[in-house]
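Enquirer: Spelled out, the chains give:
There are 2 protein chains.
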Amino acid sequence: MKGAVIIVAGGTGSRMQSTLPKQFIELKGKPILLHTLEKFYSYDTSLQLIVVMHPDYVEYWKDLCRTLGFTVKHDVVAGGKERFFSVKSGLARLRDDIEVVAVHDAVRPLFSAQTLSNCFDALKNHRAVVPAIPLIDSIREVDEKGNRHVDRSRYKLVQTPQCFDRQLLEKSYLQEYKKTFTDDASVVESVDQSIFLVDGNQENVKITTSSDLLFCESIFS
Amino acid sequence: MKGAVIIVAGGTGSRMQSTLPKQFIELKGKPILLHTLEKFYSYDTSLQLIVVMHPDYVEYWKDLCRTLGFTVKHDVVAGGKERFFSVKSGLARLRDDIEVVAVHDAVRPLFSAQTLSNCFDALKNHRAVVPAIPLIDSIREVDEKGNRHVDRSRYKLVQTPQCFDRQLLEKSYLQEYKKTFTDDASVVESVDQSIFLVDGNQENVKITTSSDLLFCESIFS
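Residue numbers (my numbering), protein chains in the order written: chain A, 1 to 221; chain B, 222 to 442.
Keep in mind that the hints were calculated from the coordinates and are not lab data. Computed from a prediction, not measured in an experiment: that's the story for all the values here. Where is the CB? At the ideal position from N, CA and C, for every residue including glycine. Hints are supplied without guarantee of correctness; some may be wrong.
[As the list claims (entries may be wrong)] With a cut-off of at most 25 Å between alpha-carbon atoms, the simulated SDA-like pairs for lysine to any residue come out as follows: (1) B:Lys427 to A:Asn201; (2) A:Lys145 to B:Asp386; (3) B:Lys427 to A:Asp199; (4) A:Lys124 to A:Asp165; (5) B:Lys427 to A:Val198; (6) B:Lys427 to B:Phe306; (7) A:Lys171 to A:Arg127.
[What the hints assert, rightly or not] Covered stretches of chain B (in silico footprint by chain A; criterion: 3 or more residues with CB under 8 Å from a CB of chain A, positions within the stretch not fixed): (8) 355 to 367; (9) 375 to 382; (10) 406 to 412; (11) 431 to 439.
Please work from the sequences and hints to get the whole structure.
Expert: What follows is the structure, encoded as structure tokens:
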């Protein structure tokens, strides 16, 4: 199966009090996004790599790649206001021969090769595959009436790369945008497609705070 | 309000393929449990500190404290098979003058002073206070029929220290043990007591894997 990866790098840096969006922050001397791209490339050099980012940063990124001598081939696409529209822009850039598509958060450089192969292997028998891990902490459900304990074994934390049959993903992204679309699985699920879960890896955190960054640095060293 | 902390150090090391239970593993040259004790002591030297651990390790720990010259005063109590019974053993050791009790996981050395004061401040108006943080990742509900997207803003991840009015906690632990008791909030809630949530801190992870340990090391340095 010929595969592509749409890497969503939409961050604008607000949460880390940084003017630089998270995906460009340096981790061991290289922007996080570059680590992420290298990881997919080293897994399979034939993957089509598509990076979607805010239009303001497209030239910045291209310059940065030239400065760093980063030569892994990838398409750079201008994204939309919400993640949903960014993925849609990425889909429009798929090569004709692509059969399966992984959608990945740029700020998750620590997905493992095992996680990725769990996803791609499962795509042989399923059309929508998502890596997930068990909850370690207890969780509580919260609403206007208060909060209550729920059985954590009934929930899983969802990661990326989320992997799909191309046609299914394209069809799913023809829907109207809804606020409840927090990831691709939620988009695909709402066209009545069931999601198959595979094991993710615990280190595969989404870098949103400076302590996440410290964590990734310690894993990389 | 006179306070005590019951530190549950029940781990037996199975998840990290270590013969040494997690609470004894070294973090920057000192056992994790020692960091945890020091943190409570530095917050308030008047807190009664009670550590509950598997009977097999009580002497090991006492020896270790002597070797390391660790002089922060604390009681060491032999725990039970489940966390529930360990907390119960800890409760039996409370000084008569104690009015509020925090129950804490030994392997969470990264709770912040702010988290602890959030809890203790709220105890002035509530009988059961628990620190919690929002979910960053999407979650899915899983059962025998499959899995489905749920709105993550309706859930919070629960941490420790979980803090209670002493009488309430003692009363709650008179119940029969149930398998659904994954933390103290769930025990207390089942005697019809509502739980008040305060902000926890994101770094306050429960050390269960070697990558959690790396994370804590990077935070400590």
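Enquirer: Now, for every hint given, state plainly whether the structure supports it.
Expert: Hint-by-hint comparison with the structure:
Taking the CA atoms of Lys427 of chain B and Asn201 of chain A, the gap is near 17 Å; set against the 25 Å cutoff, the hint holds. Taken as a hint, the Lys145 of chain A and Asp386 of chain B pair is honoured in the structure, with Cα atoms around 22 Å apart against an allowance of 25 Å. Restraint check for Lys427 of chain B and Asp199 of chain A: the C-alpha separation of about 20 Å stays at or below 25 Å, so the hint holds. A threshold of 25 Å between alpha carbons decides the hint, and for Lys124 of chain A with Asp165 of chain A the separation of about 10 Å falls inside it, so the pair holds.
Proximity of Lys427 of chain B to Val198 of chain A is assessed by CA-CA distance (about 24 Å); at most 25 Å being required, the pair is judged to hold. Distance restraint check for Lys427 of chain B and Phe306 of chain B: the Cα-Cα separation of roughly 20 Å lies within the 25 Å cut-off, and the hinted pair is therefore satisfied. In summary, the hint linking Lys171 of chain A to Arg127 of chain A is supported, as the alpha carbons are separated by about 12 Å, within the 25 Å threshold. Coverage of the segment 355 to 367 of chain B by chain A holds [criterion: at least 3 residues with CB-CB distance below 8 Å; count 10].
For the segment 375 to 382 of chain B, the stated coverage by chain A holds: 6 residues have a C-beta nearer than 8 Å to a C-beta of that chain, and at least 3 were required. Residue count for the segment 406 to 412 of chain B with a Cβ under 8 Å from a Cβ of chain A: 3. That meets the three needed, and the coverage hint holds. A count of 5 residues in the segment 431 to 439 of chain B with a Cβ less than 8 Å from any Cβ of chain A is obtained; the coverage claim is therefore met, three being the minimum.
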